[in-house]
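Trainee: The lines below spell out each chain.
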Amino acid sequence: MAVTLGTAGELTRRRFASLGRPALIASTLVAGGLTLIAVIGPWIAPYDPDATDVLAAHQGPGARHLLGTDSLGRDILSRALAGARLSFAGPAVIMLISTILGTALAIFSAWHGGRVDRMVNRLLNVMFSVPGVLVAVLSSAVFGSGFWAPVLALGVVYLPYMARVVRSVAVRERHRGYVESLQLAGMSSWRICLRHLVPNVLPIVTAQGTYGFGSALADFAAVSFLGLGIQPPAAEWGVMVSEGRSELLDGALQQSLSAGTLIVVTVVAFNVLGAQLSSRSGGRR
Amino acid sequence: MKRDHTPRGAAARKIAATVAGAGATVLTASFVIFAGLAAAPGDPVSQLLGAKATDEARANMRRRLGLDDPLLERYRHWLTEALHGDFGISLTSRQEVTDLVGPRLATTFLLVGMAALLVVVVGIGLGVVGGLSRRGRAVVSALVGLGIAVPGFVAANALIGVFAVDLGWFPTYGSGHGLLDRVWHLTLPAVALSIGYGAYVSQLTAAAVAEESEKEYVMTARGRGVPAGVVLRHHTLRNAAVPVLTASGLAVAGLVAGTVVVEQMFAVDGVGALLIRSISSKDHPVVTAVSLIIVVAFVVVTTLIDLLQVALDPRERATS
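Sequence lines, in order, name chains A and B.
Using my numbering, the first residue of the first sequence is number 1, and each one after it goes up by one.
Using my numbering, the first residue of the second sequence is number 286, and each one after it goes up by one.
Honestly, I wouldn't trust all of these hints.
Not everything, but these chain B residues come out facing chain A in the computed CB check (under 8 Å) [what the hints assert, rightly or not]: (1) Leu322; (2) His362; (3) Leu364; (4) Pro388; (5) Ala391; (6) Leu395; (7) Ala434; (8) Phe438; (9) Gly543; (10) Gln549; (11) Thr587; (12) Leu592; (13) Ala596; (14) Pro599.
Source of the hints: derived by calculation from the structure; they are not laboratory data.
The beta-carbon is built from N, C-alpha and C at its ideal position, and this holds for glycine as well.
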């Protein structure tokens, strides 16, 4: 039996899935609310997230600044709300890349079966064994730090997780009677895949995409935290954890704590939601 | 050549294939890293000589570094030197890369060792508790769900805030001198590093133990009146051992890569922090060497797990 980190994730997912309906409702509300903030965050922020005010620096939580201010006097609540946008944009693109490429690879592999399938499987196993953080960090070394280098690298890192889940469903669909009858009716492989297989694997793709979004968000924030992703002074949660690090020493926890809490809450919400969706998609028994 | 179809022959073939695969992975990774960094922006000659160097000096340096050679030739040259333990010189500090990496490797090794100990002891311990009792399972699941969701760098912040700044039990930054001081400095980093993988290991352990303890032979043993502790030690845990060991091994491999983030967080002067610093300063010889070391460590650990599986589980030997 080959245990991979993917298998361990599978077990956690099953556990989250067993939480039932209340968990589905709660995680939908939290994940939906956070996504809404990511869209409208910059507009509902009480202050300009980039406006510095040295006279108001290092303030604790209070009536004027609910979460206090950072070392440059910027309002932490405003930066957390506005920063949601960049923090969500990264994992959104990562999941878009891994979903499109991973699903395509999975369906290609399931359709051809046999030797092609075995080769793809081997490729996926090699990809599983590559340390993701290292790839993201090296990508920044080669392409320069910023939004795209880590996002493209993590898109590839997350590909095998999507491909493996989709492949198992696609293999089952491929051997269903309707595929054979469509083939006998003379429909082209392309058309069967696009019109019939893709819609049938879509529920599991959505579930896996939601599940992966959480960890992609954490990884993307980690790269920004290392100074190789989003660059300060832009507001982003990983950047905020990094900037809050120096304030920790003075006992000012608010900045790193609020950004860190947002990351953890987002990851939990999307993990639980993804697990709930996958248990309801009929993709696994 | 005639194939040896005895179990021993199958095992030998499997081992040979595993080791060959590991070698191929490292070789491919080394080429991808080398070629990628060679194509990256940045001019090592200006970095070494400064902007004011004459054209002649620059041309000499280019020739000395072999920068005008084709990529494959440069890679072959670098690989030969690297196999002899020479990774060139750092572009920023002008020290030998091996002198930069060596002492830091010891620090990182200690950090990974401490975190691995935590992952194995706490992770497996929690997992056994969670796998045996229903109430334990609920508590362990909640802990695991949270542990998996907390990224190392966020956990690190909370740990520094509480245990280093508020309570003052541990130092905030640095890697310390002498073994005891080092262990003291590396405690919080090791905790932060181990949380995520510890959660994975306890999750898998709980599942494996729960699965085994529901099997018929366990029921039979209990029915025969064998004490619960003996059943646990002699039957349940032994049969759950293979997936648990595999998960622990993978966790240790993950810890190696995780040091990149955690060292930066605690300003521990190990190879992970060196990697990030060298990327920022475009010190490509150091970046290449450190990433290769991380890849090798990662591959060695995962290969050992594969081999361990063959050794522990006779069924693995049969399938070739």
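Trainee: If a hint holds in the structure, say so; if it doesn't, say that too.
Mentor: Hint by hint, here is what the structure shows:
no. : hint   : in the structure
1   : Leu322 : 6 Å, holds
2   : His362 : 20 Å, violated
3   : Leu364 : 18 Å, violated
4   : Pro388 : 21 Å, violated
5   : Ala391 : 20 Å, violated
6   : Leu395 : 20 Å, violated
7   : Ala434 : 4 Å, holds
8   : Phe438 : 5 Å, holds
9   : Gly543 : 7 Å, holds
10  : Gln549 : 6 Å, holds
11  : Thr587 : 6 Å, holds
12  : Leu592 : 13 Å, violated
13  : Ala596 : 15 Å, violated
14  : Pro599 : 13 Å, violated
Of the numbered hints listed earlier, those contradicted by the structure are 2, 3, 4, 5, 6, 12, 13, 14.
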